[in-house]
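Sequences and hints are given; from them, build the entire structure.
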Amino acid sequence: MKKNYIKNRINAVILLCAAVTIVLAGCEYIEKGISTGPSKQASAIINPSSGSTVSGTATFTQTGQNVMVRIEVENVSPGEHGVHIHENGDCSAPDGTSAGGHWNPTDVAHGKWGEGEFHLGDIGNIVVGEDGTGSIELVTDLWEIGTGSNVDVVGKGIIVHAGPDDFVSQPSGNAGARIGCGVIELVE
Numbered sequence: 001m002k003k004n005y006i007k008n009r010i011n012a013v014i015l016l017c018a019a020v021t022i023v024l025a026g027c028e029y030i031e032k033g034i035s036t037g038p039s040k041q042a043s044a045i046i047n048p049s050s051g052s053t054v055s056g057t058a059t060f061t062q063t064g065q066n067v068m069v070r071i072e073v074e075n076v077s078p079g080e081h082g083v084h085i086h087e088n089g090d091c092s093a094p095d096g097t098s099a100g101g102h103w104n105p106t107d108v109a110h111g112k113w114g115e116g117e118f119h120l121g122d123i124g125n126i127v128v129g130e131d132g133t134g135s136i137e138l139v140t141d142l143w144e145i146g147t148g149s150n151v152d153v154v155g156k157g158i159i160v161h162a163g164p165d166d167f168v169s170q171p172s173g174n175a176g177a178r179i180g181c182g183v184i185e186l187v188e
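So for the sequence shown, the working numbering puts the first residue at 1; every next one is plus one.
Note that these hints are calculated values from the structure, not bench results. Everything numeric in this text was worked out from a predicted model, so none of it was measured. Treat the hints loosely; a few may be bogus.
Pairs of lysine to any residue residues, derived as SDA-like cross-links and limited to a Cα-Cα distance of at most 25 Å, are as follows [as the list claims (entries may be wrong)]:
| id | residue 1 | residue 2 |
| --- | --- | --- |
| 1 | LYS112 | LEU142 |
| 2 | LYS40 | ALA109 |
| 3 | LYS40 | PRO171 |
| 4 | LYS112 | ILE145 |
| 5 | LYS112 | ARG70 |
| 6 | LYS40 | THR106 |
| 7 | LYS40 | TRP113 |
| 8 | LYS112 | ASP166 |
| 9 | LYS40 | THR59 |
| 10 | LYS40 | ASP95 |
| 11 | LYS40 | ASN75 |
| 12 | LYS40 | GLU80 |
| 13 | LYS40 | SER55 |
| 14 | LYS112 | VAL151 |
| 15 | LYS40 | GLY124 |
| 16 | LYS40 | MET68 |
| 17 | LYS112 | PRO171 |
| 18 | LYS40 | SER149 |
| 19 | LYS40 | LEU138 |
Quick look at the structure:
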């Protein structure tokens with residue numbers, strides 16, 4: 001009988017230690033701002049516009065309060081190319097103009113992300129190598145995915161421009177023609 005009592009107590013201590021370990025691990029995630037819950041995703045297929053051959057993808061992933069976007073392009077001329085979120089998820093015009101202007105729900109001046117005023121659609125410049133490919137990533141807590149709020153990226157357009165964004169010219173950075181366009185859609 002004493003042997004079973006000791007065995008049961010040891011099992012209880014082991015279970016208690018396991019529970020404490022799980023709770024402490026969860027607290028560490030909360031303290032570091034790491035979400036252990038499911039994430040939301042949205043994506044866009046970037047198709048050519050303005051007679052270009054650009055193709056690519058934009059993938060938006062929300063985990064907790066942060067949204068990360070990763071944009072990858074190919075078949076683009078080497079150098080810097082402005083990339084922006086535009087107000088309309090519409091790529092029906094051959095030159096991409098149906099996507100409208102930069103997405104700017106905060107109604108501020110165009111600029112460089114993270115410096116002074118900037119549109120929520122002002123992602124920046126993607127650097128394309130000699131092989132015609134490039135990528136850019138951005139993480140922010142200023143966007144949402146699938147909420148329907150004024151800072152929700154779903155239903156907007158992603159535009160790749162022929163030239164670099166100068167971060168100064170108003171209202172859009174003088175980045176040139178819209179050579180790639182995609183519609184940001186919720187991934188179910």
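Can the restraint linking LYS112 and ARG70 be considered satisfied, given a maximum Cα separation of 25 Å?
-> holds (18 Å)
Under the criterion that the straight-line Cα-Cα distance not exceed 25 Å, is the pair LYS40, PRO171 satisfied?
-> Violated, at about 31 Å.
Is LYS40 within 25 Å of SER149, Cα to Cα?
-> holds (15 Å)
Holds or violated: are the alpha carbons of LYS40 and GLU80 at most 25 Å from each other?
-> violated (30 Å)
Within a Cα-Cα threshold of 25 Å, do LYS40 and GLY124 meet the stated pairing?
-> Satisfied, since the Cα-Cα distance of roughly 23 Å is no more than 25 Å.
Restraint check for LYS112 with PRO171, where alpha carbons must lie at most 25 Å apart = Roughly 12 Å between the alpha carbons, so the hint for LYS112 and PRO171 holds.
Is it true that the CA of LYS112 sits at most 25 Å from the CA of VAL151?
-> holds (18 Å)
Is LYS40 within 25 Å of ASN75, Cα to Cα?
-> violated (29 Å)
Verify the proposed pairing of LYS40 with THR59, using a straight-line Cα cut of 25 Å.
-> holds (11 Å)
Given the proposed pairing of LYS40 with MET68, does the C-alpha separation stay at or below 25 Å?
-> OK: LYS40 and MET68 at ~11 Å, within 25 Å.
Is the Cα-Cα distance between LYS40 and THR106 25 Å or less?
-> The hint holds at about 23 Å.
Verify the proposed pairing of LYS112 with LEU142, using a straight-line Cα cut of 25 Å.
-> holds (15 Å)
The structure shown violates the earlier hints numbered 2, 3, 10, 11, 12.
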